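**Student:** Chain residues, written in single-letter form:
2 protein chains.
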Amino acid sequence: MKEKEFISTIKQILNSEYIGDDCAFLKDLGIVVTQDSLVEDVHFKKDFITPYQLGYKSIMVNLSDISASGAEPKYITISLSLPSDIENNFVEQFYQGCKTACPEDVEIVGGDITSADKIYISVCAIGKTENRNISSRKNAKIGQKVVVSGINGSSGAGLELLLKGETKPEKFIKSHLEPQAQIEFGKYLGENIKEPYAAMDTSDGLMDALSTIANDSGVLLDINFDKIPYDKDIEYFDDWQNLVLFGGEDYQIIATVPQNINIGTTIGEVKQGLGVNLKIGNKEIFYDKKTVENNIYKHFK
Amino acid sequence: MKEKEFISTIKQILNSEYIGDDCAFLKDLGIVVTQDSLVEDVHFKKDFITPYQLGYKSIMVNLSDISASGAEPKYITISLSLPSDIENNFVEQFYQGCKTACPEDVEIVGGDITSADKIYISVCAIGKTENRNISSRKNAKIGQKVVVSGINGSSGAGLELLLKGETKPEKFIKSHLEPQAQIEFGKYLGENIKEPYAAMDTSDGLMDALSTIANDSGVLLDINFDKIPYDKDIEYFDDWQNLVLFGGEDYQIIATVPQNINIGTTIGEVKQGLGVNLKIGNKEIFYDKKTVENNIYKHFK
Numbered sequence: 197m198k199e200k201e202f203i204s205t206i207k208q209i210l211n212s213e214y215i216g217d218d219c220a221f222l223k224d225l226g227i228v229v230t231q232d233s234l235v236e237d238v239h240f241k242k243d244f245i246t247p248y249q250l251g252y253k254s255i256m257v258n259l260s261d262i263s264a265s266g267a268e269p270k271y272i273t274i275s276l277s278l279p280s281d282i283e284n285n286f287v288e289q290f291y292q293g294c295k296t297a298c299p300e301d302v303e304i305v306g307g308d309i310t311s312a313d314k315i316y317i318s319v320c321a322i323g324k325t326e327n328r329n330i331s332s333r334k335n336a337k338i339g340q341k342v343v344v345s346g347i348n349g350s351s352g353a354g355l356e357l358l359l360k361g362e363t364k365p366e367k368f369i370k371s372h373l374e375p376q377a378q379i380e381f382g383k384y385l386g387e388n389i390k391e392p393y394a395a396m397d398t399s400d401g402l403m404d405a406l407s408t409i410a411n412d413s414g415v416l417l418d419i420n421f422d423k424i425p426y427d428k429d430i431e432y433f434d435d436w437q438n439l440v441l442f443g444g445e446d447y448q449i450i451a452t453v454p455q456n457i458n459i460g461t462t463i464g465e466v467k468q469g470l471g472v473n474l475k476i477g478n479k480e481i482f483y484d485k486k487t488v489e490n491n492i493y494k495h496f497k
Numbered sequence: 197m198k199e200k201e202f203i204s205t206i207k208q209i210l211n212s213e214y215i216g217d218d219c220a221f222l223k224d225l226g227i228v229v230t231q232d233s234l235v236e237d238v239h240f241k242k243d244f245i246t247p248y249q250l251g252y253k254s255i256m257v258n259l260s261d262i263s264a265s266g267a268e269p270k271y272i273t274i275s276l277s278l279p280s281d282i283e284n285n286f287v288e289q290f291y292q293g294c295k296t297a298c299p300e301d302v303e304i305v306g307g308d309i310t311s312a313d314k315i316y317i318s319v320c321a322i323g324k325t326e327n328r329n330i331s332s333r334k335n336a337k338i339g340q341k342v343v344v345s346g347i348n349g350s351s352g353a354g355l356e357l358l359l360k361g362e363t364k365p366e367k368f369i370k371s372h373l374e375p376q377a378q379i380e381f382g383k384y385l386g387e388n389i390k391e392p393y394a395a396m397d398t399s400d401g402l403m404d405a406l407s408t409i410a411n412d413s414g415v416l417l418d419i420n421f422d423k424i425p426y427d428k429d430i431e432y433f434d435d436w437q438n439l440v441l442f443g444g445e446d447y448q449i450i451a452t453v454p455q456n457i458n459i460g461t462t463i464g465e466v467k468q469g470l471g472v473n474l475k476i477g478n479k480e481i482f483y484d485k486k487t488v489e490n491n492i493y494k495h496f497k
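Chains as they are written, first to last, in the working numbering: chain C, 197 to 497; chain L, 197 to 497.
Hints are computed from structural coordinates only; laboratory data are not their basis.
Take these hints with a grain of salt, some might be off.
Identical chains share a label here; the pair holds if one copy fits it or two copies do between them.
[Claimed, not checked] List time: in silico DSSO-like cross-link candidates among lysine-lysine, alpha-carbon distance up to 30 Å:
| # | residue 1 | residue 2 |
| --- | --- | --- |
| 1 | K360 | K324 |
| 2 | K475 | K223 |
| 3 | K314 | K200 |
| 4 | K242 | K200 |
| 5 | K295 | K334 |
| 6 | K241 | K200 |
| 7 | K341 | K428 |
| 8 | K198 | K295 |
| 9 | K314 | K198 |
| 10 | K383 | K479 |
| 11 | K270 | K383 |
| 12 | K370 | K242 |
On a predicted model such as this, the values are computed, not experimentally measured, just so you know.
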């Protein structure tokens with residue numbers, strides 16, 4: 197799947213200022229909107245995730261995008277396509293998961309349900325931008341610092357365990373199946389930053405978010421691996437550094453913020469240049485756009 | 197696919213005032229939102245429709261829902277999932293079709309693209325409600341008349357031709373593959389009706405729209421078949437009356453409006469009772485909710 201190529205084709209045809217960020221900021225309506233899909237055997241396998249968890253995760257994935265924009269998540273619509281031999285209680289369990297994932301002031305207001313050969317879920321989320329400063333991937337400015345909302349790599353570690361048929365440590369598996377959108381972190385950014393800032397969630401991995409912000413903003417992000425927060429138990433995995441950097445679906449928020457903003461963990465600085473520079477132990481590794489894209493998290497396909 | 201059963205389960209879990217109409221009316225944001233999916237081999241077959249037409253239709257289907265609400269269509273997001281062996285120019289052709297389907301003041305602002313075994317399309321559309329009176333299926337009132345925006349049955353006739361491998365008359369096939377959302381009709385309703393009114397598009401057939409409005413509003417719609425507009429050439433089909441009544445995807449708008457509103461074709465009256473009463477020749481046939489649901493348009497599955 198040449199996702200990045202297709203996106204560039206789409207950008208060319210639509211020639212729209214909106215395409216690029218995870219959320220489109222519709223200023224005239226005072227909202228942001230995002231839409232994200234979960235496809236069976238691409239983003240999830242039925243054997244690994246319960247219908248409840250699938251509903252829960254579908255919502256969180258979209259709340260995460262809204263949160264990274266700095267907006268206030270408000271409304272959700274859900275398209276659900278199901279095979280005819282689906283378990284009887286699938287719809288009920290799925291929607292219970294969806295409902296649980298919604299904070300009190302977020303409401304599921306519509307969508308549709310159709311048949312299909314496999315399970316296909318597409319969720320649209322709408323956020324309110326009133327009194328919020330909305331982020332863009334293009335907004336990183338030299339002199340800002342790079343912060344991340346929480347720990348990285350746990351979801352990728354969980355997926356690795358699931359693929360090996362292992363069930364422990366459960367915390368990693370839970371990170372993968374029941375991710376948490378960083379709604380409070382996004383709220384803090386949107387309400388407290390008074391200048392343009394960049395933010396993006398780590399749905400496709402920490403390094404993907406860093407590289408996208410760097411390249412879309414035309415800056416260098418100078419990152420110190422030792423500062424990146426992760427669960428120490430991940431070091432038992434052979435490829436743990438790779439999981440921290442490239443494992444996807446942690447749904448943390450990466451942001452470039454003014455020095456006086458105190459939230460999350462500071463992992464680097466915005467500097468002159470283009471791309472991501474990673475200090476790791478005594479080494480320095482430079483990642484250009486292409487290198488990161490080639491290493492990007494691929495789910496199941 | 198027990199769509200109606202699933203919807204009732206979902207309604208029960210969510211216990212939301214919004215679920216029921218094709219669009220959710222989000223009063224605090226001044227918008228309506230709708231989401232509709234097209235699934236390969238359920239809603240379309242690749243052999244019958246070009247990528248361009250598929251993009252075009254995906255947009256029209258959603259603009260139709262916005263139009264039936266009385267709101268002004270403004271923004272679109274698109275989730276597109278594609279098999280890895282998809283033709284090279286599919287994405288370009290699909291998006292060209294999407295773009296062509298959008299009126300000048302409607303913009304495609306986001307979405308995502310993923311892989312899948314078959315083609316899945318889910319489109320979300322947002323409409324602006326400022327200075328518009330928004331419809332609801334529950335709003336039909338005794339004394340209103342029933343109007344329809346245009347001709348019925350042509351899309352179903354086109355599908356019948358496609359399934360038989362025929363290519364003529366082309367106009368029916370075009371009705372099926374390149375439907376037109378009734379944007380101007382919806383605008384007229386939203387801007388000119390000053391009381392509550394019911395409206396719905398005929399995506400699942402004329403009779404489905406009539407029956408849904410009747411049952412959701414708790415009224416009887418007294419319909420005269422002879423008044424229903426259709427293309428005279430449809431009479432060459434053996435089951436032409438069935439196509440007019442139950443053929444789906446014409447994307448006309450059915451509305452119950454005050455007597456002084458002059459738009460579309462008047463096909464009946466709102467009366468006391470529950471369900472749809474159809475005068476056809478010398479006969480009168482009463483359709484309760486269940487009878488209509490059992491006859492509903494099923495696409496390919």
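**Student:** For each hint, tell me whether it holds in the structure or not.
**Tutor:** Now the hints, each set against the structure:
1. In the homo-oligomer, the alpha carbons of K360 and K324 never lie at most 30 Å apart, since the shortest distance is 41 Å inside one protomer and 49 Å across protomers.
2. Taking the closest pair of Cα atoms, K475 and K223 never come within 30 Å of each other, the shortest separation being 39 Å inside a single copy and 50 Å across copies.
3. In this homomeric assembly, K314 and K200 come within 30 Å of each other (Cα to Cα) both inside a single copy, at 25 Å, and across copies, at 20 Å.
4. For a Cα distance limit of 30 Å, the shortest separation of K242 from K200 qualifies both inside one copy, at 27 Å, and across copies, at 24 Å.
5. Only between protomers do K295 and K334 lie at most 30 Å apart by alpha-carbon distance; the minimum there is 25 Å, versus 33 Å within a single protomer.
6. In this homomeric assembly, K241 and K200 come within 30 Å of each other (Cα to Cα) both inside a single copy, at 24 Å, and across copies, at 27 Å.
7. With identical chains, the CA atoms of K341 and K428 are at most 30 Å apart within one copy only, with a shortest distance of 24 Å there and 70 Å across copies.
8. In this assembly of identical chains, K198 and K295 lie within 30 Å of each other by CA distance solely across copies; the values are 22 Å between and 34 Å within a copy.
9. In this homomeric assembly, K314 and K198 come within 30 Å of each other (Cα to Cα) both inside a single copy, at 22 Å, and across copies, at 16 Å.
10. In this homomeric assembly, K383 and K479 never come within 30 Å of each other (Cα to Cα): the closest approach is 36 Å inside a single copy and 63 Å across copies.
11. With identical chains, the CA atoms of K270 and K383 are at most 30 Å apart both within one copy (13 Å) and between copies (27 Å).
12. Taking the closest pair of Cα atoms, K370 and K242 come within 30 Å of each other only inside a single copy of the chain (15 Å); across copies the shortest separation is 39 Å, beyond that limit.
When the structure is compared with the earlier hints, violations turn up for hints 1, 2, 10 and for no others.
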